[in-house]
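Chains as they are written, first to last, in numbering that gives the first Met the number 0: chain A, 0 to 247; chain B, 0 to 383.
Incorrect hints may appear among the rest.
Straight line, CA to CA, 20 Å or less: simulated SDA-like cross-link-like pairs of lysine to any residue [what the hints assert, rightly or not]:
1. A:Lys193 / B:Gln18
2. A:Lys31 / B:Leu225
3. A:Lys15 / B:Met310
4. B:Lys176 / B:Ser121
5. A:Lys31 / B:Glu218
6. B:Lys199 / B:Asn70
7. A:Lys245 / A:Asp213
8. A:Lys31 / B:Gly40
9. A:Lys31 / A:Asp11
10. A:Lys161 / A:Glu242
11. A:Lys15 / B:Phe4
12. A:Lys185 / B:His45
13. A:Lys185 / B:Val143
14. A:Lys51 / A:Asp109
15. A:Lys195 / B:Tyr106
16. A:Lys193 / B:Gln62
17. A:Lys185 / B:Thr59
18. A:Lys195 / A:Thr55
19. A:Lys215 / A:Arg89
Hint data in this document are derived by calculation from the structure and do not stem from the laboratory.
This structure is a prediction, so every number in the text was calculated from the model and none was measured.
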Amino acid sequence: MNVLVCISQVPDTTTKITVSPDGKSMNPQGVKFILNPYDEFAIEEGLRIREKFGGTVTTLTVGGESAKEILRTALAMGSDTAAIIKDEERQDSYIVASSIADVARSISPDVILFGRQSIDFDSFAVPSMVAELLGWPNISMVSSLTIEDHSVTAERDIEGGKETIEATLPCVIAAQKGLNDPRYPKLPDIMKAKSKTISEHPKSSAVRRVNVLDMKLPDTKRLNKIFGESDQELDEVVRLLHEEAKII
Amino acid sequence: MPDYFNLDALLTDEERLVQQTVKEFVDREVIPIIEHHARDGTFPLHLVKPMADLGLFGITLPQEYGCAGLNNVCYGLAMQELERGDSGIRSFASVQSSLVMYPIYTYGSEDHRRKWLPRLASGDAIGCFGLTEPDYGSNPGGMVTNAKKTDGGFLLNGAKMWITNGTLADIAVVWAKLDGVVRGFLVEKGMKGFSAPEMKGKHSLRASVTSELVFQDVELPEENVLPGIEGLKGPLSCLTQARYGISWGVIGSAMACYDSSLNYAQSRIQFDRPIAGFQLTQEKLVYMLTEITKAQFLCWRLAHLKDEGTMLPQQVSLAKRNNCEIALNIARMSREIHGANGILDEYPIMRHSANLESVKTYEGTHEMHTLILGQDITGIQAFT
Ligand SMILES: Cc1cc2nc3c(=O)[nH]c(=O)nc-3n(C[C@H](O)[C@H](O)[C@H](O)COP(=O)(O)OP(=O)(O)OC[C@H]3O[C@@H](n4cnc5c(N)ncnc54)[C@H](O)[C@@H]3O)c2cc1C
């Protein structure tokens, strides 16, 4: 079973983000970049599939020279090979998806794994676009995955519950938190990963479909609300924390 | 985590990855459980295997002995991240790596290396380092623990005190005098006449085991002496390794205190404004960030000197002395910023502050490092 895992580099969640002077892009100055946290679940799942069925895991990213760092993480975790679609510019999801689909066609994996979303721009678009470009089934938000022969059974998170879905290989899976417990790269393997080569692929000739017009930081003004102690009001607090603040 | 001068940009990909990996490990496995262990006065033994699996023991030693074979920047960054969790966890790794695996690798026979290094690297064996005695701390050269040559080996007598990991250890690297000369001996758990009772009642390093080692006519086979070293420079060279790690480690404690302080100062409102808006608080935060930044660069440079093979023990003394002091100052200031909350174990402050009291004392007290540097600068020794 050959697995392609697609990963991306995102700003560290604790980094302070500012907007570039052009008003449409993130200022990369002083920003620490990390492997997109959801992609760790995708890498881990890829490694588990290989451990169960044999085959290889290839990890792929679209990005600039600095994005090679996350490929080294994937190699240190146990990925067999790594590839980069070199592009220093930030592209729209369509170009990213088209470039990945090109590589996927050339290596024909049985499964393509993604994280459910990239936590920087939150488009939630690339996995389904890749599936569509390849004409493969796509399952998003996967929190449990079983592969048998040519069939895939996946549990997905839906609002307030779970849904079980079946599809056939080859397919595209987007990993949700809880899918597995990602392993840490071992320090000796970090050294070994250093000597592995990362292959480079050209980006797709597809044309951009959307353009960013404007980028703003959110208003940080605090909205204070005072509640009483009745059961009704407590229910309201819970509802607001869940639906508006989205923290529970 | 503060990185005001973008030290990150000076790190290689592997160095960054090592830091990131250990950071995640500490965030997920250490920080959630450590306060509980500190409260109960227990070492989280269940972390030994995962730490070993990560490759944290003997990081710089060669892969042929099961170690990671990384450079000293990686070693330092790993210690920094561990100590951001807790000085006790970092102490465990320091002792295992610098005080046990290092002397076995450097002064042991090939048999010693093959027998012990892979087991220590994999966490199947735990080690400790016995130098300090009840009556000889800053002056270890006066030690009374001694070995006598017998027909088949040696007879060891004496006692060590304040020994990290002592009770847990499968193997103790013990420094004792043989015909008046300091030698290193390997004492194994279960040897007749050897016991290692735990010392209780610590207010500091509560998540670390500290023990006495007692030797009553312990019979050691001939091969249990380290062949490659004689004299006090044996233990001292190990301490240089461990002190190097401490210099980095305490930056981690300082960072944890700074991060918590900045957060707290921005959210705690008094007199209708965040306390971060008062000049006196800002002065504290500025001191913290300035000293952390200086300490980071001191260590980064020291790492490169160590990798080049030109690092001097005095340079390590300077870094250990400075960084322990500023880390402790930062922890105390951090307690002030947190007000009453600073004494609660809901925040890591008091634990770091109490831990750093030990770290400032062990591996050469602040005063001893002052005297080492004083002697180096002036040429006049002021120890006696
Ligand atoms: C938690 C913990 C873990 C430890 N782990 C280990 C371990 O694993 N292995 C090990 O061998 N040891 C270990 N130690 C021991 C540690 O290294 C010693 O405590 C340290 O070297 C100081 O010795 P002492 O406590 O006997 O203090 P002393 O040497 O008695 O010093 C007391 C005070 O006098 C000062 N002083 C002493 N001589 C002079 C002088 N000439 N001029 C000026 N001031 C002087 C000191 O700086 C200090 O302030 C540990 C200690 C602690 C607290």
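Results for each hint:
Between the alpha carbons of A:Lys193 and B:Gln18 the distance comes to roughly 15 Å, so the proposed pair stays at or under 20 Å and holds. Straight-line distance between C-alpha atoms of A:Lys31 and B:Leu225 comes to about 46 Å, which puts the hinted pair past the 20 Å bound. With a CA separation close to 36 Å, the supplied pair A:Lys15 and B:Met310 exceeds the 20 Å bound. For the hint pairing B:Lys176 with B:Ser121, the CA-to-CA distance comes to about 31 Å; that exceeds 20 Å, so the pair is violated.
For the hint pairing A:Lys31 with B:Glu218, the CA-to-CA distance comes to about 56 Å; that exceeds 20 Å, so the pair is violated. Only pairs whose Cα atoms come within 20 Å are accepted, and B:Lys199 paired with B:Asn70 is rejected, the gap being roughly 37 Å. A distance of roughly 25 Å separates the Cα atoms of A:Lys245 and A:Asp213; the hinted pair therefore is violated under the 20 Å criterion. With a C-alpha separation of about 36 Å, the suggested pairing of A:Lys31 with B:Gly40 is violated against the 20 Å cut-off.
Annotation: proposed proximity of A:Lys31 to A:Asp11 holds, straight-line Cα distance about 6 Å (limit 20 Å). Restraint check: the Cα-Cα separation between A:Lys161 and A:Glu242 comes to about 19 Å, which is no more than 20 Å; the hinted pair holds. A hinted pair counts as satisfied when its Cα atoms are at most 20 Å apart, and A:Lys15 with B:Phe4 qualifies at roughly 15 Å. Our distance criterion of 20 Å between C-alpha atoms is met by A:Lys185 and B:His45, whose separation comes to about 18 Å.
For the hint linking A:Lys185 to B:Val143, the alpha-carbon distance of about 42 Å lies beyond 20 Å, and the restraint is violated. Distance restraint check for A:Lys51 and A:Asp109: the Cα-Cα separation of roughly 14 Å lies within the 20 Å cut-off, and the hinted pair is therefore satisfied. The hinted pair formed by A:Lys195 and B:Tyr106 fails the criterion: a straight-line CA distance of about 34 Å is larger than 20 Å. The hinted pair formed by A:Lys193 and B:Gln62 meets the criterion: a straight-line CA distance of about 15 Å does not exceed 20 Å.
For the proposed pair A:Lys185 and B:Thr59, the alpha carbon gap of about 14 Å is at most 20 Å, so the pair holds. Distance restraint check for A:Lys195 and A:Thr55: the Cα-Cα separation of roughly 15 Å lies within the 20 Å cut-off, and the hinted pair is therefore satisfied. For a cut-off of 20 Å, the pair hint linking A:Lys215 to A:Arg89 stands: about 17 Å separates their Cα positions.
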